[in-house]
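Enquirer: Next come the chains, spelled out residue by residue.
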Amino acid sequence: MLQVTLANLRAHKRRLLATSAAVLLGVAFLVGVLVQTTSLQAGFDRLFRAESADIDLVVRSDRVIEADDETFRGRVPASVLDAVRATPGVAAAEADIRGTAVILDRDGDEVGTPGPPRLGLTWIDDPDLSPYRIESGRAPAGPDEVVIDVASADAAGLAIGDRTSVLTPDPVAVEVVGTATFAGEDSQGGVTAALFSPEGARQHLAGGADEVDRIVVAAEPDADVAALERSIRAELPEGAEVIDRATFEAENQDQVAGLLNALRPILLSFALIALVVAAFSIYNAFSILVAQRTRESAMLRALGATRGQTLRAVLVEALIVGFGSAALGTVAGLGVAAGLRALLGAFDLDVGGPLQLGLGTIVVGLGVGTLITVLCALGPAVRASRTAPIAALRDVSVDRTGAGRVRTGVGLAMAALGVALIGWGVADTSLARSGLGAGLAIIAVAVLAPALARPVGGVLGAPLRLRGVTGDLARTNAVRNPRRTAATSTALMIGVAVVALFTVFASSLQAGLDRFADESFGGDLVVSAGSGFGDLDTDVAREVAALPEVDAAAGLGYAPLDIGGRQIFVSASDLAVAGRIVDVGMVEGDLADVQGPSMAVAEGVARDEGWTIGSRVPWRSVAGTSGEVVVRGIYDNEEIAGDALMSTSFLEDEGVDVRDGSVIVDLADGVSLDEGRRALEAALDGRAGVVVRDRQEYLDLFAAQVQQVLVLVYGMLALSIVIALIGIANTLSLSTIERTHELGLLRAVGQSRGQTRAMVRWESVLIAVLGTVLGLVAGLGAAWALIASAGPDSLLVFATPTGALAVVAVLGGLAGVVASLRPAARAARLDPLAAIAAT
Amino acid sequence: MPTTAAPTSAPTPTPTPSIAAQVRSATKVYGHGDTAVHALRGVDLDVATGRFLAVMGPSGSGKSTLMHCLAGLDQLTSGEVRIGDVELGSLRERDLTRLRRDRIGFVFQAFNLIPTLTARENIELPSRLAGDRPDPAWVDAIVSTVGLGDRLGHRPAELSGGQQQRVAVARALATRPDLVFADEPTGNLDSRSGTEILRFLRTAADELGQTVVMVTHDPVAATHAHEAVILADGRIVDHVGSPTVDDVLARLAALGG
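As you go down the protein sequences, you meet chains U and E in turn.
Quick note on the working numbering: the first sequence kicks off at 1 and runs consecutively.
Quick note on the working numbering: the second sequence kicks off at 1001 and runs consecutively.
Excised from the complex, chain E in its bound form (with noise of 0.2 Å):
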C-alpha cells in the first residue's frame, strides 16, 4: 500500500502538491543465495515538491539504501524511481551523473568538502563541474541565509566541522536541485551546529520551496522536518506528520527495537 507523504497539517499553503520523486514497488538485494540480503523489500514513496522529508528507522532498516537509489548513486534490483519525470533504471553511467550534477544535491555526513578548494569553491564545483557560472545572486543569497559572508575565501581545513557543513548545505542548494538529500548531516556535529544546520534546511524548504530529503536515526533531528517516514526491515512502517520527539520516539519503540 502506498504511503504517500501528503501534507496533513502544512504550514504553508500548497493546494495541489506536485510531486518531485517518486519510488514504486523498489527492491534491493545485496549478494546472492544464503548470503543474500534483502535491504529494500517493496518501498513506494513520494516526494512532494517543497517539503522536507525526514527518512528514519534503526540501523539496517534500509533507509540509506533508500536514499542512495533515490539520489542516483546506487541502483535498485527491481521496481522504479524517478526524478522529476526522468525514471532512473533507465539512465546509463554518463546520464546519472549529469542528472547529479544538474538536478541533485548532497550533504553527507563528513567529507563533504574537497580540502584542495576554498568555501566558495565548493559551492561552485557542482555548476563549474557542468561548465557553467553558477547565479552569483543566488549563491550570495544563500550564502547570507546559511550566514558563511566571511569563510567564502577559507579552505575546509580552517573551518570548524559546522561550518564545514554549511559550505556543504550551501553547495547542495546552490544548483536549485530538484531535490536535496542530506545523508545524517548532524551526525557529526555538536547539538548547537546540528540544530543550525536543520533549520537550514527547513528554511530551504519553506522559503526557497527546496525539496529536502534527510537521513536520519535522531529523532531530534527529525523534528526539524515537515513529516517523517519510517523505515524497518526494508519496509515504509509508519509516516509521521509534524513529527515531535515524543511522536517518532514511541513509534519507534513501538517496533520493537
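Excised from the complex, chain U in its bound form (with noise of 0.2 Å):
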C-alpha cells in the first residue's frame, strides 16, 4: 500500500500543491510568532540584565504604589549616599535619579514614540555600576549639558554642541555634549534616555528637591554580599530598604514579561486564526482528492485491500504532506518573524538581536504542521474506506455530498445557544458570556455552511442570471456540492469575520470617542504636548487660565495614590473651573466643593467600598505624606474622571507630583476659535513641545492611533486571507479536473473559451463573496454582542462602518476573480476532444 500512495502523491504533486500551500502558510505564521516572541524575550532578558551592569546591591525607596500595572516609587534623601558609601565593604557607590525626559528633536518634535520609556537619568561615570558609555563628546558637567544615546541622536540629527529641549514634563534647554551607548548598543530597546549630570538631575528630574530614586552599590571584589546587604540595611532611615543584584534583575524582567505576555497571546491568536483557515483548506482539498479517487479505492478494494490499509494508505498521504509542509513552513517562518518585526518595529517594538529559532519552537512547528493535516485527513480517509468495492464498476465518482441532517441540527442547537448566550450576556453586560455565544455562533455558521451554500448562494447568485447560461451554470456549479462549497467560503468566511469585527470596533471606537466629546467635553480648544500622549507642567494650566481670552482652562492631570488600600491614579484638576467644561456625571454632592482634603468618587468605587457623602478616607502617596480626605461628591461618568478626583492645587501641596496629560479651554464670550488659539499660542511659546489644537484635531489624534492599530490587525490577518484564497484557488482546480468531461462536453457543443473562463471565474466569485457575505454578518453580529455588552457606559458606540465593510465585500469579490484566474485558464485550455475521451 504504501508504493500505492507515494505513486499518489508523485501522481497527483500539483494537485498536493495547494494543500502543501496552506499548511505551509499556516505552519510558518505559527513558527514567525514563536521565533519572533521568543527573539523579543531573549532581546529583553540581554538589555535587563545588561542594566545591572556590576551593580551588586540596590538601595531605594520601600513606598510603593502599583496603579494599572505600572510601579511608582518614592525617592530615598540624598544623605542615605554617605551613609552607604561609608559602610565597609562598598567599593563604589552612585545616586541615580530618574524621571520621565522626552527629547525634541531640532523641529521640536517629540523623539521616539509613547511606547517604549522616554528616560531621563543620571549619569553615571562608574563602568561597574551603570551600562551607558559614551560613545562621542564628555560626560555631561554643568545642569543643563545632557547626553543622550545613539539611537535618539540619529532619530533627532541632533550632534555634540546642538542645543535643543527636553520635556520633564516643564522644557529643560540642553546643550548636548555626548551620545552614548547602552550596552554597545545604541538604545535600550528603543528606550530613549537624556542623562543629566547629578546636580543636573537634581534639578531637572527631582524638582530640586535632595532625594535621590536609587543608590546603585558595587561591592569590593572579596565582600560577602550577603552580609553587606545586612550591613547596609542596618544603616538606612525609615522608608528605604536594600534589594540585590538577583531581586533587581528578576523586578526588571517582570516589567518585560508583562508586556511580552500581553503580547503573546494577541500574536498567537492570529497565528491560529491562520491555521483554523488553513484547516478548512486541507480538509477541503484531501476531500476531493479522496472523492476523485474514489474509483481506485473501491478497485484496490475489489483486489483485496482491507478497509485499514485503504484508511492508512490515505493518511500516509497526509502525514507525508504535512510533515514535508511544516519543515518548510518552518524554515519560512523565520520570514514571518523577520516581517513581524520590521511589522511590531513601526511601533518601536523592537530590540534587535538575532532571530531564535529554538528546538521547541522547531517541534511545535513540525507537530502542529502535521498533526492538523492528518487531523483534516482523517474524516476523508474514513470515507474512502468505506468505498463499496462494487464503486469500482460504476462512473460516478463525484463529490456529492449535501449538508447532513445531523450536522444541520447540531449547527442550529450551537446557534440558538450562541444566541441564548449573547442575550443573557447583553443583558447583564457579561463580556465573557457574550464572548463565548460569539464564538458559538460563528462556529455555528461554519457548521451550518453546507446547508446555508444552497439557499444564501441561490440569493447572492441570481444576478448571475443576467450573465445568461454561462452564469447560470456558474451559479448551479457553485452549489452542487454545498459540503465543499461551504468549506471554501468557510475559510474566507473566517478571515473575513474577523477582519469586520475589528473593523466595527475601530469605528464603534471612533463613535464613541465622538459621543464622549459630544457628551462630556465641553472646551473650545486643548493644549497637549505634541504627540498628544506627554505630559505637561500643571503650571500650562495655571498659565493658560490667567490669559484674558480664557473663561476657564483646566488640567485633567493624574497621580498615583493609595485611597483606603485602593491604589489608582487619581484624577486631578482645577474642580471649581472643570465642572464648567467636562460634565463627569455628578450623581451626589457638587465638584466645586471638592477642594482640599476632600475627593469625589465614581459611583461603582463608592458602592465597592461602601463610601458615601461625607466618609472619611485615608491617603498616602510615594512622597510620604499622607493623611485624610473626605468624600464630598459621587460621580458616574469614569471615562472622563476615573476612579476618584482630587483637586490639583491640594495634592500639590502634599508634595504629590501632579501630571497633567491635556488643558481644556474654554474661551471667553466673544473671543473666537482663532483669536484664542493665537493668544494661547503666544502666551505657551517659550515652552517647547507643547500644541494648541480645537476638538476636532485633538480627537483626530486618537482616530490615528485607532488606525494605526487598525493596519496592524489587517496585516496579520492578510496571512488567513491569502491561505483562504489559495483554498478556493485549489478546490476550483480540483473541480475543474473532476469536471473535465462536463467541460468537454460544453466546449463541444459551442461553449467558447471566453465562456469557459468566464463560467469558472463566477462560480469562484460566488463562492468568494458567499464566504465574504458570511463572515460580514458573522463578524458584525459578534462586534455588536461584544459591544453591546459591554454596556452604556463603555466608551464603544456600536457603528457599521458601512464604506469600509463594502470596500470589504468588493475586495471579497475581486479576490474571487483572482483565485479563479489559474483554474479557469485551465479550464478554457481544455482540449474537448482529450476532455470526452477522458475516463
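Note that these hints are calculated values from the structure, not bench results.
This structure is a prediction, so every number in the text was calculated from the model and none was measured.
Ideal Cβ positions, reconstructed from N, Cα and C, are used throughout, including at glycine.
There's no promise every hint is true.
[What the hints assert, rightly or not] Listing some non-contacts, in silico: residues in chain E with all C-beta distances to chain U over 12 Å:
no.	residue
1	Gly1079
2	Val1139
3	Arg1151
4	Glu1196
5	Arg1199
[What the hints assert, rightly or not] Just so you have them, the derived chain U footprint on chain E, three or more residues with Cβ under 8 Å:
no.	segment
6	1092-1104
7	1113-1123
8	1213-1221
Mind docking these for me? Both chains are given alone in their own frames, and the hints should help you get the complex.
Expert: Here it is as C-alpha cells:
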C-alpha cells in the first residue's frame, strides 16, 4: 500500500501543491510568531541583564504604589548615599535620579513614541554601576548639559554642541555634549535616554529636592555581599530598603514579561486564525482528492485491500504532505518573523538581536503542521475506506455530499445556544458570556454552512442570471456540492469575520470618542504635548487660565495614590473650574466643593467601598505624605474622571507630583477660535513641545492611533486571507479536473473559451462572495454582541462602517476573480476531444 | 477514388442532392517517426443533405477520427473538410467553436448532459450559449418527437440512460444544425432504448431533412441508416446502400477482421 501512496503523491504533485501551501503558510505564521516572541524575550532579557551592569546591591525607597500595572516608587534622601559609601565593603556607590524626559528634535518634535519609556537619567561614570558608555563627546558636567543615546541622536539629527529641549515635562533647554551607547547598542530597545549630571538631574528630574530614586552599589571584590546587604540595611533610615542583584534583575524582567505576556497571546491568536483557515483548506483538498479517487479505492478494495489499508494509505499521504509542508513552513517562519519584527518595529517594539529559532519552536511547528494535516485528512480517509468495492464498476466518482441532517441539527443547536448566551451576556453586560456566545455562533455558521450554501448562494447568485447560461452554470456549479462550497467559503468567512469585527470595533471606538466629546467635553481648545500623549507641567493650566481670552481652563491630570487601600491613578484638576468644561455626571454633591482634603469618587468605587458623602478616607503618596480626605461628591462618568477626583493644588501642596495629560480651555464670550488659539500660542511660546488644538484636531489624534492599530491587525490577517484564497483556487482546480467531461462537452456543443473562463470565474466569485457575506454577517453580529454587552458606560458605541465593509465585500469578490485566474485558464485550455475521451 | 454516398435506393425523392459535408484527401497522423500512427490515409467522402449515414469499421479503423475531424473537434494532418461552404482547416479556434455551436449537433456515447441542468436546459444549451432563445415551437416539436414531454423539468440523474440519450438527440436537433454527429449513440443502452434512439435519428432525416452522421461498430445500428460506409485501416473500403445486417456482416467479414 505504501507504494500506492507514494505513486499517488508523485502523480498528484500539482493537486497537493495547494494543500501544502495552506499547511506551509499556517505553520510559517505560527513559527514566525514563536520565533519573534522568543527573540523579543531574549532581546529584552539581554537588555535588562545589561541594565544591572556589575551592580551588587540597590538601595531605594520602600514606598510603592502600583496603579494600572505600573509601579511608582518614592525617593530616598540624598544623604543616604554618604551612609552607604561609608559602609565597609562598599567599593563604589552612586545615586541615580530618574524621571521621564522627552527629547525634542531640531524641529521641536518629540523623539520616540509613547511605546517604550522615554527616560531622564543620571550620568554615572563608574562602568561597574551603569551600562551607558560615552560614544562621542564627553560626560555632562553643567546642570544644563546632557548626553543622549546614539539612537535618539540619530533619530533627532542632533550632534554634539547642538541645543535643544528636553521635556521633564517642563521644557529644559539643554546642550548635547555627548552620545552614549547602552551595553554596546544604540539604545535600550527603543528607550530614549537623556543623561544629566547629578546636579542637572537634581534640578530637572527631582524638582530640586535632595532626593534620589536609587543608589547603586558595587561591593569590594572579596566582600560577602549578603553580609554587606545586612550592614547597609542597618544603616538605612525609615522608608528605605536594600535589594540584591537577583531581585533587581527579576523585577526588571517582570516588567518585560508583562508586556510579552500581553503581546504573545495576541500574536498567537492571529496565528491560530491562520491555522484554522488552513485546516478548512486542507480538509477540503483531501475530501476532493478522496472523492476523485473513489474508483481507485474501490478497485484496491476489490483487489483485496482491507479498509484499514485504504484508511492508512490516505493518512500516510497526509502525514508525508503535512510533515514536508510543515518543515518548509518552519523555515519560512523565519521570514515571517522578520516581517513581524518590521511590523512591530513600526510600534517601537523591536529590541534587535538575532532571531531565535529554538528546538521547541521547531518541534511545535512540525508537530502542529503534521497533526493538523493528518486530522483534517482523517474524515476523508474514513470515507475512502468505506468505499464499497462495487463502486469500482460504477461511473460516478463525483463528490455529492450535501448537508447532513445531524450536522444541520447540531449547527442549529449551537446557533441557538450562542444567541441565548449573547442575549444573556448583553442583558447583564457580561463580556465573557457574550464572547463565548459569539464564538459559538460563528462556529455554528461554519457548521451550518453546507445547509446555507444552497439558499444563500442562490440568492447571491441571482444576479448571475443576467450573464445568461454561463452565469446559470456558474451558479449551479457553485452550489452543487454544498459541503465543498461551504468548507471553501468558510475558510474565507473566518478571515473576513475577524476583519469585520476589528473594523466595527475601530468605527465604534471612533463613534464612542465622538459621543464622549459631545457629551462630556465642553472646551473649545485643547493644550497638550505635541504627540498628544506626553505630559504637561501643571503650570501650563495656570498660565492659560490667567489669559484674558480664556473663560475657564482646567488641566486634566493624574497622580498615583493609595486611597483607602486602593492603589489607583487619581484624576486631578482645578475642580472649581473643571465642572464648567467637562461633564463628569455628578450623582451626589457638587464638584466645586471638592477643594482641599476632599475628593469625589466614581459611583462604582463608592458602592464597592461603602463610601458615601461625608466618609473620611485615608490616603498616602509615594512622596511619603499621607492624610485623610472627605468624600464630597459621587459621579458616574468614569471614562473622563476615572475612579476618584481630587484638587490639583491640594495634591501638589502635599508634595504629590501631578502631571496633566491635557488642558481643556473654554474661551471667553466674543473670542473667536482663531483669536483664542493665537493668544494661547503666544502665551505658550516659551514652552517647547506644547501644541494647541481644537476639539476635532485633538480627537483626530486618537482616531489616527486607532487606524494605526487597525492597519497592524489587517497585516496580521492578510496571511489568513491569502490561505483562504489559495483554498478557493485549489477547490476550483480540483473541481475543474473532476468536471473534465462536462467541460469537454460544453466546449464541444459550442461554449467558447471566454465563456468557459467566465463560468469558472463567476463560480469562484460566488464562492468568495458567499464567504465574504457570511463573514461580514458573523463579524458584525459578534462585534454587536461584544459591544452591547460592554454596557452603556463603555467608550464603544456600535457603529457600522458601511464604507469600509462595502470595500471588504468588493475586495472579497475581486479576490474570487484572482483565485479563479489559474483554474479558469486551465479549464479554457482543455481540449474538448481529450476531455470527452478521458475516463 | 471518391466514394460518394449517393442515394442508390432512396426512400424519399431527392432529385438533386446537395452536399452537407465534404471530405477530400483527408489524412491524420498521430505522433512522429517510428511511433507515428496513421489514423486516416486519404479519405474522400461526401455527405448528402438530409441523409442518415453510418460510418462503420473495426476498432482502430479511423472512424472516430474521421468524425472528430468532420465535426471540427480535431484537425486533419492534410486534406480538406467542408461543412457547407466553410473549409474547417482555415478556421481559428473561436470560429470552430461557433461552427460547432451553430451548425453541428452532437450525440456522444456517454456524458452527453450537464448534470446541473434540467433536460430542457440541456436541450436549449447550444442556443443559450450563443445568447439566443431557441424557437419554442421547434423545441416542442422535437421534444414530442423524441417523447420527453413530462420529463423536461428533471435533471439527468433522474432520467434513465435511454431518456438521457433522447435528451441528447433533442439537444443535437434543437439548433437545426447542418449536421448531427452521433458517436456510438447506443453504446451504453439496452437494445430497446437503443432502437428508439436510432428510429429518432432516422425520423429526423426522413421527416425533418436533418443530415446525420453516425459512427458505430454495431451492424444492427447501421441498418437504420440510409447508407453505410465501411472504414478499415484509415481508408474507406466499402459503401452499402440501405444496409441490412447480413450485408454489413458479410462485408465486415470480407475485411478479414
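Enquirer: Mind checking, does the segment 1213-1221 of chain E have 3 or more residues with a CB under 8 Å from chain U?
Expert: Violated, because only 0 residues of the segment 1213-1221 of chain E bring their Cβ atoms closer than 8 Å to Cβ atoms of chain U.
Enquirer: Is the nearest Cβ of chain U still more than 12 Å from the Cβ of E:Gly1079?
Expert: Consistent with the label, E:Gly1079 stays out of reach of chain U, its closest Cβ about 18 Å off (over 12 Å).
Enquirer: Should the label of E:Arg1199 as a non-interface residue stand, given a Cβ cut-off of 12 Å to chain U?
Expert: holds (23 Å)
Enquirer: Holds or violated: the segment 1092-1104 of chain E covered by chain U, criterion of 3 or more residues with Cβ-Cβ distance under 8 Å?
Expert: holds (count 7)
Enquirer: Does E:Arg1151 sit more than 12 Å from chain U, CB to CB?
Expert: holds (19 Å)
Enquirer: Regarding the assertion that E:Val1139 does not contact chain U, is the least Cβ-Cβ distance greater than 12 Å?
Expert: The claim holds: E:Val1139 sits with its nearest Cβ about 15 Å from chain U, beyond 12 Å.
Enquirer: Any Cβ of chain U at or closer than 12 Å to E:Glu1196, or is the non-interface label fine?
Expert: Since the minimum Cβ distance to chain U is about 22 Å, E:Glu1196 lies beyond 12 Å and the statement holds.
Enquirer: Taking 8 Å as the Cβ threshold, is the statement that the segment 1113-1123 of chain E is covered by chain U upheld or broken by the three-residue rule?
Expert: Since 6 is at least three, the answer is holds.
The structure fails to meet hint 8 from the earlier list, while all remaining hints are met.
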